[in-house]
Amino acid sequence: PENNKIEKKALSPLHEYVKKILYKDLNKLCVEKILRLMKKLNWDNEELRFYCINCLIAAWNVRYNSIHCLANLVSGLALYYEEVGFQIVDGVIEDIRLGLEVNLPKFNQRRVSMVKYLGELYNYRMVESSIIFKTLYTLITYGVSYDINEAMSENAIDPLDNYFRVRLVCALLDTCGQYFDRGSTKKKLDCFLVYFQKYYLFKKESSQGVEMARPFDRFDVEFVFTEVLSSLRPEFKFLKKFQDACDAVVKMENEIKESLTKTNPNLFGDFNQ
Amino acid sequence: MTSGSVPKTDSEKPNDNVVKKIVIRRLPPTLTKEQFLDIVSPLPEYDYFYYCNADLSLGAYAFCRAYICFKNHQDVFNFRDRFDNYVFVDSKSNEYPAIVEYAPYQRRYKFDPKNPPKKDSK
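Chains as they are written, first to last, in our numbering: chain L, 1 to 273; chain A, 1001 to 1122.
Only chain L is shown next, with the shape it has when bound in the complex (with noise of 0.2 Å):
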């Protein structure tokens, strides 16, 4: 059969410049420097700019490792060229969501970095919580279902036999969740925990039976579940069942009801008429 080559843009050598610098040479040891070189190119220059802000959104050319790096040059980049940080930012949550969308194993390291990178930028302090928050949620949520033929059925967004989602939300907790050590924040990941827990135990629960593609995933996965969360929050109850799990969620939420009854007694008065 013929090859159809795909043919491969030649980049200008100003394109194999930056590529180089950030995907190469970047290290912990020489961010000032390379922030240095980055702020000196021509930002005027639409095409270029473009180039730029692709390379990078693209945290997935960069070794694991050295993520953070990355981040770091975007923040110091973002005081000089403040528009330039916030388009970064947006491309990097697009990427995740399409990530969900898409849900192909090809993409899984480029999804893996990406969450973490989104991490890295928290620590940096060019996202809020609220959006790593988001991000938390919407992992655990989009397109899932806790109705079983639903998640078996063969257009699922999310798989019954895929543990992918569960990855992604313990690397992100694992970059920014020690963070989340007081105030509000702690509160909210505590929250987020439950009904982390209870999107687990589903998908343990009930892909029992089920044939996977990667049968060592299931052990795997629940090491770095209890690993990261126990480091976390040492003294987390890790239930077993998913009913417990459902139960634990019930319970929060009439809490947090009743607490907000307490300071707005209207607040669900049109619901319970």
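No lab work stands behind these hints, which were simulated from the structure alone. It is possible that part of the hints are untrue.
Claimed, not checked - Lysine to aspartate or glutamate pairs mimicking EDC-like chemistry, simulated, CA-CA at most 16 Å apart:
1) K1110/A - D158/L
2) K134/L - E1101/A
3) K1110/A - D244/L
Unchecked claim - Not close to chain L: a few residues of chain A, all C-beta gaps over 12 Å, as computed:
4) V1019
5) P1042
6) A1054
7) V1087
8) S1093
9) I1099
10) K1110
Stated by the list, open to error - Quick list of the computed label-pair ranges, beta carbon to beta carbon:
11) E150/L - A1062/A: 24 to 34 Å
12) N45/L - N1085/A: 31 to 41 Å
13) C246/L - L1056/A: 35 to 45 Å
14) D1038/A - N45/L: 20 to 30 Å
15) S1041/A - D247/L: 51 to 61 Å
Remember, predicted model here, so these are calculated numbers, not experimental data. From the three backbone atoms N, C-alpha and C, an ideal C-beta is built for every residue, glycine too.
With chain L fixed as given, assemble chain A onto it according to the hints.
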């Protein structure tokens, strides 16, 4: 540049809640900014517009995106009614139903005359 990586408190900026950034996703990868503006025109008054070209490394899943902030909040709903699920067609007549949503990340660039962007002295 921040040297450490400890975010102390969330500095949620006082954002004007009325104006919201919306995003139009899943546009055809070959659609240019000019063509897009042509299709959606006339646009109501807006104070921010940004068009992203597709990231071609995604292959068949590469899409363009556009971000808009309308000045008037009602325009957001009108725009959504018109263009959410609106089918954009590219030159090869592939169909791309667009998605209109509030952007998850609401910060955007605003020119501040008192505080013009720093120029790098190089």
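Comparing the hints with the structure gives:
1. K1110/A - D158/L: Not satisfied, since the Cα-Cα distance of roughly 38 Å exceeds 16 Å.
2. K134/L - E1101/A: 14 Å, holds
3. K1110/A - D244/L: Not OK: K1110/A and D244/L at ~49 Å, beyond 16 Å, violated.
4. V1019: 15 Å, holds
5. P1042: Answer for P1042/A: holds, closest chain L Cβ roughly 24 Å.
6. A1054: 10 Å, violated
7. V1087: For V1087/A, whose nearest Cβ neighbour in chain L is about 17 Å away, the distance exceeds 12 Å, so it holds.
8. S1093: 22 Å, holds
9. I1099: Non-interface label on I1099/A violated, nearest chain L Cβ at 10 Å vs cutoff 12 Å.
10. K1110: Violated, since 9 Å does not exceed 12 Å.
11. E150/L - A1062/A: 24 to 34 Å: 29 Å, holds
12. N45/L - N1085/A: 31 to 41 Å: 36 Å Cβ-Cβ, so the 31 to 41 Å window holds.
13. C246/L - L1056/A: 35 to 45 Å: 43 Å, holds
14. D1038/A - N45/L: 20 to 30 Å: 25 Å, holds
15. S1041/A - D247/L: 51 to 61 Å: With a Cβ separation near 54 Å, S1041/A and D247/L satisfy 51 to 61 Å, so the hint holds.
Violated hints for the displayed structure, listed by number in ascending order: 1, 3, 6, 9 and 10.
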